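Chains A and B, in that order, are what the protein sequence lines are.
Reminder that position 295 of the first sequence reads as 295 in our numbering, one-by-one numbering, no gaps.
Reminder that position 221 of the second sequence reads as 1221 in our numbering, one-by-one numbering, no gaps.
Just so you know, these hints were derived from the structure itself, not from any lab.
Incorrect hints may appear among the rest.
What the hints assert, rightly or not - With a straight-line cut-off of 20 Å between C-alpha atoms, the simulated EDC-like cross-links for lysine to aspartate or glutamate are:
(1) A:Lys-315 <-> B:Glu-1202
(2) A:Lys-230 <-> B:Glu-1255
(3) A:Lys-349 <-> B:Glu-1255
Claimed, not checked - Covered by chain B, per the in silico footprint, the following chain A stretches (three or more residues, Cβ under 8 Å):
(4) 234 to 240
(5) 273 to 281
(6) 285 to 299
(7) 318 to 327
(8) 340 to 346
What the hints assert, rightly or not - Label pairs and their computed distance ranges (CB to CB):
(9) B:Gly-1256 <-> A:Pro-193: 32 to 42 Å
(10) B:Glu-1233 <-> A:Asp-316: 18 to 28 Å
(11) B:Val-1224 <-> A:Glu-318: 37 to 47 Å
(12) B:Thr-1023 <-> A:Pro-193: 45 to 55 Å
(13) A:Arg-137 <-> B:Val-1224: 14 to 24 Å
(14) B:Ala-1066 <-> A:Ala-15: 49 to 59 Å
(15) B:Tyr-1201 <-> A:Gly-256: 34 to 44 Å
(16) B:Val-1224 <-> A:Gly-205: 31 to 41 Å
Everything numeric in this text was worked out from a predicted model, so none of it was measured.
The beta carbon of each residue, even a glycine, is placed where N, CA and C say it ideally should be.
As a plain string of letters, each chain reads:
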Amino acid sequence: MAVALVLLEILPGGALAASSAGLLAAARRVGDPVALIAGPAGAAVGAGPEAAVVAGSNAAFGAGRDAAVGAAADAAAEAAALGAVRVLTADVDPDALTLPVVDALAAAVARESPDLVLASNSVESRDAVARVAARLRLPLAADVVGLDRDDLGVVAHHAVFGGAFTVEGAPTFGTLVATLRPGAVTERLEAQPLAVERLEVVASGVPSARVESFSETSAPSTRPELRGAKVVVAGGRGVGSREDFALVEQLADVLGAAVGASRAAVDAGYVPVSAQVGQTGVTVSPRLYIALGISGAIQHRAGMQTATTIVAVDKDPEAPIFAIADFGIVGDLFTVVPQLISALEAQKK
Amino acid sequence: MKIVVLIKEVPDTWGERRLDLETGLTDRAGSTPVLDEIDERAVEAALAHADAHPGTEVIALTMAPASAAATVRKALAMGATSAVHVVDEALRGADLLLTAEVLAAAIRRTGFDLVIAGNLSTDGGGGVLPAMVAEVLGVPQLTALSRLEVGADAVAGDRVSDAGTMRVSAALPAVVSITEALPEGRFTTFKGIMAAKKKPYETVDAAGLGVEAEDPAVPRYIMVSVAERPPREAGIRITDEGDAGEQLAAFLIAEGVA
Ligand SMILES: Cc1cc2nc3c(=O)[nH]c(=O)nc-3n(C[C@H](O)[C@H](O)[C@H](O)COP(=O)(O)OP(=O)(O)OC[C@H]3O[C@@H](n4cnc5c(N)ncnc54)[C@H](O)[C@@H]3O)c2cc1C
Ligand SMILES: Nc1ncnc2c1ncn2[C@@H]1O[C@H](COP(=O)(O)O)[C@@H](O)[C@H]1O
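Turn these sequences into a full structure, and let the hints guide you.
Written as structure tokens, this is what we have:
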């Protein structure tokens, strides 16, 4: 069967990134998923003293380093458990940004002649596959939401302009390189027996930026990740302050939801930029999206309008969010939300 | 120093944005074209350096239909020194690889110390172009910078990802892309608009750059189908009369999501 080569990302602690399962499942529709794990020497196959692995970036700095030993040894096993039929590992210089991973990918493509090269459309991975496409002169499909095969070869699916349009694309011939929108594929594969192979990589010598330092995002949240979350509770400028944003988080916790925000809330410093939903933030497609104090500017809607059910609470009856809400409440979020929380908690008991 | 800023004309995100269902390309007639907001910030980043370092040359570069001239002029009116506009019918609907090869060829031709791009264009771009251009040019890429420091012979910045913040640096020449954490573009003044009319504005086609737009030996990414999703409709809307929270709880429970 044809090979679908998948670049996996490793977190600072050494575990595979959350995107891995979806990547392998998406790739499986095209061919046998073969994973590439490119990290510092000794990583992924265990034993190394500096066993933190990361693809396309370097998270092996600082606090993560010690914790990574051991955990990273399991990365290859984790990839197999998520459905990789084979795992290729390559040693890369962790202090050089992206290029060692590009060299490893190029070597893997030469060896495997895959029909597809797939990576997450994340800050860490997309540069690596973008460079590989440019180097090997292969067609690139960015930010796909799914992949398939037809009689002629690989077909990629895109959701354009906030999901208002769906587009299918294909390479005229040969290998397709693609980046997958995080959270877009929720399918999961069965585990495969572990088969690890070491990849020999010849450095291209293309100059690379240096990674001078890395500071891990403090206090990783215990809430579900925004991308791919089933329920998202989002707050906007209407929440009014960083302190009051706790109310949004409280509702999220009652619903087991991820927390999102509008750009105005991010700009005002209520929440980190990673929570931004919309055109220039994260695109989500949850089962339920609750917008609190978000007017629903077109750029915000672009990131959430494909949610199955949309709920909005806003003081302004003219707010555009109501045009797409399945359940809209014209009211003050500071009275509606506490009441909602108590009603939900009462129901739970 | 020579800074090339990559700018792109996109449909205004404030209006309805459409794809042409026949061609799959952005429907330019149906939407108001503007200079992408992120590229205004990229121009601003270059101009901020130029303000502090007289003698800096800022070249705005785009690959776009001839109709994008007004958008390119905006970058000149903001303060860019000159503009290069790649126009060619054969480049209509160019895929990412071809776009990257064209832009890289144009950058090589003007010469550069630094290329500044937006991290992500608002019309469906996947934020991959800056890295592709860097690869064709054979230089390092520093993408998604939320902080940019341009030195005489090096560039550095902060790069935020899900996992954390990374500090990166590279010797010039290099390609960087910036995020919307960087300052907004400056307003254009009447004086700036008048001055823009006299600035060098060069148009060039693919052949002029030595790029073969329709080389059958190079694989391309093509669109095979386009469909429009039916628009969403509004559902129930109530005005809070003291029990909206309870009504919402009942709705969520009935929907099976709480
Ligand atoms: C190129 C570009 C890209 C952009 N990308 C994004 C993006 O990715 N994501 C994004 O979100 N935006 C984006 N924007 C910004 C977008 O245009 C809006 O400015 C932004 O979404 C507004 O956020 P908001 O709804 O929180 O604020 P506002 O529009 O100010 O809305 C706040 C709402 O809160 C309501 N309110 C106030 N107090 C209360 C209360 N006590 N109870 C209930 N309701 C209350 C108000 O009635 C109002 O409707 C982008 C803009 C541009 C130009
Ligand atoms: N046709 C183009 N002409 C000039 N610059 C472009 C073009 N397309 C993309 N860019 C640049 O690349 C950045 C990222 O675009 P994209 O990869 O489309 O998300 C944009 O913000 C621009 O700076």
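Worksheet item: Checked against the structure, which of the hints given earlier come out wrong?
Response: 1, 4, 15
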